[in-house]
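In the working numbering, the protein residues as written are 1035 to 1100.
Careful: at least some of the hints might be erroneous.
Beta-carbon label-pair distances, calculated as ranges [stated by the list, open to error]: (1) 1051 to 1076: 16 to 22 Å; (2) 1090 to 1040: 15 to 21 Å; (3) 1052 to 1093: 24 to 30 Å; (4) 1052 to 1095: 27 to 33 Å; (5) 1051 to 1095: 27 to 33 Å; (6) 1042 to 1084: 15 to 21 Å; (7) 1068 to 1095: 24 to 30 Å; (8) 1053 to 1095: 25 to 31 Å; (9) 1049 to 1080: 15 to 21 Å; (10) 1076 to 1040: 15 to 21 Å.
If you're looking for bench data, these hints aren't it; they were derived computationally from the structure.
Quick caveat, the model's predicted, so the values are computed rather than measured.
Every residue gets a Cβ at the ideal spot worked out from N, C-alpha and C, and that includes glycine.
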Amino acid sequence: MMQMAIGQTVEIIYQDKAGKITQRKIEVNGIREGRIRATCLTTGAPRVFLVSSILAWQPAEVKRYA
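Work out the full structure, taking the sequences as your base and the hints as a guide.
Set out below in structure tokens:
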């Protein structure tokens, strides 16, 4: 399901291992062995997310400026 999102920007609702739930917009770089490598567009930092900890996701609208 997330395979279709590689190279795209998606919005996720994520629960970290401490139980904190956050909503983030990420650019998916790759998916392997239950982990998503992505760039968090909020912080600009590279992150790794566990697929099993993503509670919901949807394609995100990206604003483009000319």
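Consistency of the hints with the structure:
{"no.": "1", "hint": "1051 to 1076: 16 to 22 Å", "result": "holds (19 Å)"}
{"no.": "2", "hint": "1090 to 1040: 15 to 21 Å", "result": "holds (18 Å)"}
{"no.": "3", "hint": "1052 to 1093: 24 to 30 Å", "result": "holds (28 Å)"}
{"no.": "4", "hint": "1052 to 1095: 27 to 33 Å", "result": "holds (30 Å)"}
{"no.": "5", "hint": "1051 to 1095: 27 to 33 Å", "result": "holds (29 Å)"}
{"no.": "6", "hint": "1042 to 1084: 15 to 21 Å", "result": "holds (19 Å)"}
{"no.": "7", "hint": "1068 to 1095: 24 to 30 Å", "result": "holds (27 Å)"}
{"no.": "8", "hint": "1053 to 1095: 25 to 31 Å", "result": "holds (29 Å)"}
{"no.": "9", "hint": "1049 to 1080: 15 to 21 Å", "result": "holds (20 Å)"}
{"no.": "10", "hint": "1076 to 1040: 15 to 21 Å", "result": "holds (20 Å)"}
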